[in-house]
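**Q** Take a look at the letters that make up each chain.
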Amino acid sequence: MEERSWIQEFLSIPGNELFCEVDVEFIIDRFNLTGINTSPERMQDIIDVVTGYGNEFDSYGDPDMVDDPTEIMARHFYGMVHARFILSTRGIQKMLAKYLNGEFGKCPRALCRGQAVVPIGLHDIPHVSFVKLYCPKCEDIYHPFPLRQSSIDGAYFGTTAPAMMFQAYQKYIPRHSSEQFVLKVFGFKIHEHAELARWQQKKRAELEQERSGH
Amino acid sequence: MSESMAYYESDGTGASSMDETWAMKFCMQSCNQYFCEVADSFMSDEFNLTGLSQLVPRYKEALELILDLEHENSVPIPEIPLINQSGELLYGLIHARYIITRQGLLAMLQKYKSNDFGTCPRVLCEDTGLLPIGRSDLPGYETVRLYCPCCRDIYMPTSERFLAVDGAFFGSSFAGMFLDIMPGIEKRASQIRKQQFQLKMFGFNISPLAKFGPRMRWLRQTPESEDFQKSDGGGIDPSVL
Ligand SMILES: [Zn+2]
Ligand SMILES: [Zn+2]
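Read top to bottom, the protein sequences are chains A and Y.
The opening position of the first sequence corresponds to residue 1 in my numbering, with each subsequent residue numbered one higher.
The opening position of the second sequence corresponds to residue 1001 in my numbering, with each subsequent residue numbered one higher.
No lab work stands behind these hints: they were computed from the structure.
Beta carbons: idealized from backbone N, C-alpha and C, even for Gly.
Any given hint might turn out to be false.
As the list claims (entries may be wrong) - On the chain Y side, residues computed to face chain A include the following (Cβ under 7 Å):
id : residue
1  : VAL1123
2  : MET1156
3  : PHE1202
4  : PRO1214
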């Protein structure tokens, strides 16, 4: 049987489909690791694990029940390197390919009609918040589904990656729509809801006018 | 459906050997989690069924089925699947009418309280409870959506098992009527609604005039809107810079 690399093992854990494969060259370049909070003595061990082959811990059965300290540190290290990698040219390309393939899932908003989303963190510091999904059509953030993705640290994706990606590849920004849902009762729009929707449409028109005049 | 068919054939009368009614069985199926049990008294009152006979094929047999009545005329076996289908359609249409009555709204309130409809997937709605809704009140047009009273938007159910449930079985008016009897929901939502998400790059907002800048802020904006995480400076880890 062909031996899989540690990274391939990691990516095959359910939930980890949100991560892309970080290039080994990126991981071994110490410049990219500046400031990653791993004790210097352990750093080389962890790099060796992450860039190595096989995974001695998968034989324990449930991949989520990892208690080996080196494996835990290796996974955290991979996540933090991943956050930086996806800001690099190569990393953006890899995340873009996954986005275009719909591998991160779809926007749950009905009027976004299955628009593909990208993972995003609300913080760049680890252990603060879980990963979310950013929809480039409605420009809002959603909880991931399935649930196995919902306990992944958001810092492994960071706050900046989606903006970097759509700045670099503007042609993949979906077409925005002015369509909006307004609640009705017996066919009549609720007054206060219709009022807000009108106000929002006015805001939209103002922005579009400003943009076209620019 | 195959389940109800089997029971139907073996029994012949539609009367259950257990004390389970057809409606109970229907509501227990996992794809029907959003439905409440329509009171027997409502279903047997012909006034509440006005006009439905034109929408439902084999109406009479379908009604007998969902009321657990014995069929007046015997039903040929090849027609059983059609009658089962008609029964579900009829139940759905009666359900849409029932849930906008006082009794039906209360039945749905129980389900709302036990989180049967789920919570809004939008992060800034802070788990506001959803309500099932159909944009069309006529069957066959669109499957069920979920309305969030906080962002006032509609969502696809996350689980695939709901993606074949007709929206007309919940109708367009239920959500509005429900919120009307539950003013506490809007009170909470009006506070949460002020927050807005803004995509950032290294902690900085992107100008709405930039080519790839935000163009959808209006969608979640209210006159009181404020930025989510405004004081956080974007929370950027300085080592990334
Ligand atoms: Zn969207
Ligand atoms: Zn919402």
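**Q** Enumerate the violated hints, using their earlier numbering and listing them in ascending order.
**A** none
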